[in-house]
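Construct the entire structure; sequences and hints are all you get.
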Amino acid sequence: MDGVALVVMTIAALLAIIAFLPPLARVFNLPYSVLLAVLGCGLGAVVGLAEPLSLSFYDQPLVDFLGGLGELEISAQGYLWLFLPVLLFETALTLDDRALMDDLAAILGLAVVAVVVTTIVVGVTLNLGSGFSLLACLLLASIIATTDPVAVVAIFREVGAPKRLLSMVEGESLLNDAAAIALFGGFLSALRMGDALDPLTIMSVFAVDFIGGAAFGVLCGRAGGWMLSRLDVGGPAEITLSLALAYLVYGVAEHYLQVSGVVAVVMAGLAFGAKARAELSPGQRDALIAVWRQLAFWASSLIFVLASLLVPDTLRHATWLDVALLLLLIVSALVARAAVLYGLLPALSRLRLSEHVDWRHRVVMLWGGLRGALTLVLALSVSESSLVSADVQQFVGILATSFVLFTLLVQATTLRPLMRWLRLDELTGLETYIKDSALELSHREIVDAVQDAAAKYGLDIGTAREIKDLYAKRLEAIVRPSEVGETMLRDQLQSALATLTSKELELYVEERARRMISRGTGMRLINDGSRLLDALRIRGLQGYRSEARRQHDYARWMRLAVFIHQRFNVHGPLSGLLAVRSEMLLVRRRALVMLEEFVSSDIEPIFGPRVAESTTKFIEARQQDIDRHLNAIRLQYPIFWQELGGRYLSRIALRLEGNAYQRLEREGLISSQIVRHLGREVIAKRRSFGRVPSLDLGLDVQTLVSRLPIFSSLEDQKLRNLTRLLRPRLALPDQKILRRGDSGDAMYFIASGAVEVRMPTGKVTLGTGEFFGEMALVDGRPRSADVVAMGFCKLLVLKRDAFQRFLYRHPELSSQVRAIAAERRSAHL
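In the numbering used here, the protein residues as written are 1 to 829.
Some hints here could point you the wrong way.
Claimed, not checked - What follows is a set of in silico ranges between Cβ atoms, one per label pair, in the way DEER data are often shown: (1) Lys456 with Leu635: 28 to 36 Å; (2) Val323 with Arg539: 50 to 58 Å; (3) Glu620 with Lys718: 46 to 54 Å; (4) Ile652 with Ala237: 21 to 29 Å; (5) Pro236 with Arg663: 18 to 26 Å.
Hint data in this document are derived by calculation from the structure and do not stem from the laboratory.
Glycine included, every Cβ here is placed at the ideal spot set by N, Cα and C.
Written out as structure tokens, the structure is:
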């Protein structure tokens, strides 16, 4: 068998063996990584026996396999380039970026500070106990500073560890890989060149690598996410793009930019994953993640087994001194990690940079700092360097390999009992309540359905009755509390709202993926939904209320557009933003209606009627707020509202049309060729409805002047002269037009809408045809009241200089304005 065929067959045989390890891990109740290490070490121990075996017909495949393993010569750089981008990108892609941001300070502390602390503590300790140079000891310390979350996360998920603990461990592993590799590169370069240890230089290089890699990765990840929505939706192009992105980011960062490729890939994966959650539907996103999980499974398994093949040969040269140094390494590594967990994390919590981390979580994170394939690969790169002395190569190789085996064979195998002893696998009171509710709901459905199913399908009624009775007994055994305390109710309500907000986010993502809303609207809605969920998690129910109200306020871009409109008389930005805001309100209103149905169908059966009623009140409050803003748009711009609603309904119709064609194809009633032809027509129609309709603000001065009775008696020439003095302005609902105490610089005519004049003595409402702000111009005094728009108001503004000319040229109107000002002054006094 030639070389290429032997390599392919060897890898295929290795994958076939690996396929049996996950079920074996469940049978033996061991972490999957432990079995990978055992497999690799076992194969490495027998690889040398391939040649002495008798080469009979039956022995030849086994000998070829073992011989092929021996001939698989992959360098450390090969391992890093082949497998590392896939492993890092997959973890970053699937990591919840919101959960990462919640504990960002703690994760950065564990990832960066812990790596530095571990490197220093372990390096100095080994230097004192081994006799090797400080640089060599620091090199070894940076190698073992990186953690492997594969085994830990698998155990956490199996025993039902808290989600926060999972996200912290995954986030730490992502970033500390980058930090450790950056430090490792600096130490190895110094050792190769025989330079003296320069901590300042190494730390500056580390900082540049880390920050530069992060910036480049975010840029590439966002660019890849931008291209994501422009590829074939649900097709293979998204996966191809993401795979290319992982390798290109790593290669460009390492080879051309000379920054950390690991950090770049991590940040690119996080940015790309956040964009994918916004651009793709849940089904499309799940398909993307499923492929990446498969790729990561292959990569992690192969790198672990192939790196472990070298362990027996490395440990063959170990001495009793190495055993003593290993014990010193284990103790110093645990002490360094404990110093960060019990020193840094409480400090971050006291400074309010991070939420409190429970002591039990810290114990698990201390003992769960496992090392894996990356540590073996970095140790391999030292042994491959001809510029590093043989003594240092053996020192690093033996201790790094032994430390990995200790964490896998001792720490990993005892982590599950430790978590159970700490009761981290137990449910909280709220989780127990939800579990019992789910059991009760499912059992009631089974009791009602099992006998009907037996009758429908002609099965034995007696057996069905026995199954029904069994579930009925289980249902009776569920003990529910007769009364639920206020604290539990509040927790239930918060949990229900979190579920509801997550559902709302999914609806926006689906609407965006189905092209039911414009890209900009979809991104704003998704971002708002994420902020609403974050406010609920961090500040509870009050945070939810405040954030929900804030999202209906006018954002800073809207305020900037209003400033441009008022200052420069430019209406385009304000018109565009109001149109997008209208679509957002429309889509959000529809989502809340769907959430009401979700409360009835899913929330109430799990949490009970009391929580469902309270949840509905939160939704109704948001609906009322949205309706108030939508009504203002309907009343002021009925033509725009009709066009906006018509386009949205047309997009709904097109979605239903496309779904109908797909259903007919699945049922074999029409061919795929017909579906493609019809689909092109649907896409063409959808593009015509893709954009938000333009909004005409209706600020033509002549039209607005014609609506004001005060100017109805003017001759045409005087009316034309007057229009040159007036400037149109749109006031938004609840916008403060005038502030009490400000100097008077203009008066305002209400061409459409109404305002509320808020004086110390009371409030007055002014409507279409009336004016305000004249008193400060007539008297030369500061404003005596606040004036707030009650809805969209179209105003005509007469500036101070124009006001004086207006009074001089139109004495009949001047007397009318002065009389009303005097009347208002006397009423105000």
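Cross-check of the supplied hints:
1. Lys456 with Leu635: 28 to 36 Å: 55 Å, violated
2. Val323 with Arg539: 50 to 58 Å: Hint holds: Cβ distance 53 Å, inside 50 to 58 Å.
3. Glu620 with Lys718: 46 to 54 Å: Taking Cβ atoms as reference, Glu620 and Lys718 lie about 53 Å apart, which means the hint holds.
4. Ile652 with Ala237: 21 to 29 Å: For Ile652 and Ala237 the Cβ distance comes to about 27 Å; the hint holds.
5. Pro236 with Arg663: 18 to 26 Å: Because 24 Å falls inside the window, the suggested range holds.
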